[in-house]
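Asks: Sequence:
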Amino acid sequence: MSKVLIFETIGLASEIKNKLKKYFTDIEKSKNYILKTVGLISKS
Numbered sequence: 603m604s605k606v607l608i609f610e611t612i613g614l615a616s617e618i619k620n621k622l623k624k625y626f627t628d629i630e631k632s633k634n635y636i637l638k639t640v641g642l643i644s645k646s
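FYI, in this note's numbering the residues of the sequence shown are 603 to 646.
Please keep in mind that the hints were generated in silico from the structure rather than gathered at the bench. Even glycine gets a Cβ: it sits at the ideal position worked out from N, Cα and C. A hint or two may mislead.
List time: in silico DSS-like cross-link candidates among lysine-lysine, alpha-carbon distance up to 25 Å [said to hold, decoys possible]:
{"hint": "1", "residue 1": "K623", "residue 2": "K633"}
{"hint": "2", "residue 1": "K624", "residue 2": "K638"}
{"hint": "3", "residue 1": "K624", "residue 2": "K605"}
{"hint": "4", "residue 1": "K621", "residue 2": "K633"}
{"hint": "5", "residue 1": "K631", "residue 2": "K645"}
{"hint": "6", "residue 1": "K631", "residue 2": "K619"}
{"hint": "7", "residue 1": "K631", "residue 2": "K621"}
{"hint": "8", "residue 1": "K645", "residue 2": "K633"}
{"hint": "9", "residue 1": "K638", "residue 2": "K619"}
{"hint": "10", "residue 1": "K645", "residue 2": "K623"}
Distance windows between CB atoms, simulated [what the hints assert, rightly or not]:
{"hint": "11", "residue 1": "L607", "residue 2": "K645", "range": "53 to 61 Å"}
{"hint": "12", "residue 1": "S616", "residue 2": "S646", "range": "41 to 49 Å"}
{"hint": "13", "residue 1": "T611", "residue 2": "S632", "range": "26 to 34 Å"}
{"hint": "14", "residue 1": "K605", "residue 2": "T627", "range": "28 to 36 Å"}
{"hint": "15", "residue 1": "I636", "residue 2": "G613", "range": "29 to 37 Å"}
{"hint": "16", "residue 1": "N620", "residue 2": "V640", "range": "26 to 34 Å"}
{"hint": "17", "residue 1": "N634", "residue 2": "S604", "range": "41 to 49 Å"}
{"hint": "18", "residue 1": "F609", "residue 2": "Y635", "range": "52 to 60 Å"}
{"hint": "19", "residue 1": "I608", "residue 2": "S632", "range": "31 to 39 Å"}
{"hint": "20", "residue 1": "V606", "residue 2": "K638", "range": "43 to 51 Å"}
{"hint": "21", "residue 1": "N634", "residue 2": "L614", "range": "53 to 61 Å"}
{"hint": "22", "residue 1": "L607", "residue 2": "S646", "range": "57 to 65 Å"}
Could you build all of it, start to finish, from the sequences and the hints given here?
Replies: What follows is the structure in structure tokens.
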């Protein structure tokens with residue numbers, strides 16, 4: 603019984619980790635996009 607619980611907890615933790623990683627990757631991408639856009643605007 604407790605083994606199942608441990609595996610479920612590990613599964614949940616890695617799922618959360620993957621979601622966070624994706625979230626931060628998305629933030630990084632949009633940050634780069636915003637910086638590029640601002641750079642283009644300030645050049646023109």
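Asks: Under the constraints set out in the numbered hints, which ones does this structure not fulfil?
Replies: Violated: hints 3, 9, 10, 18 and 21.
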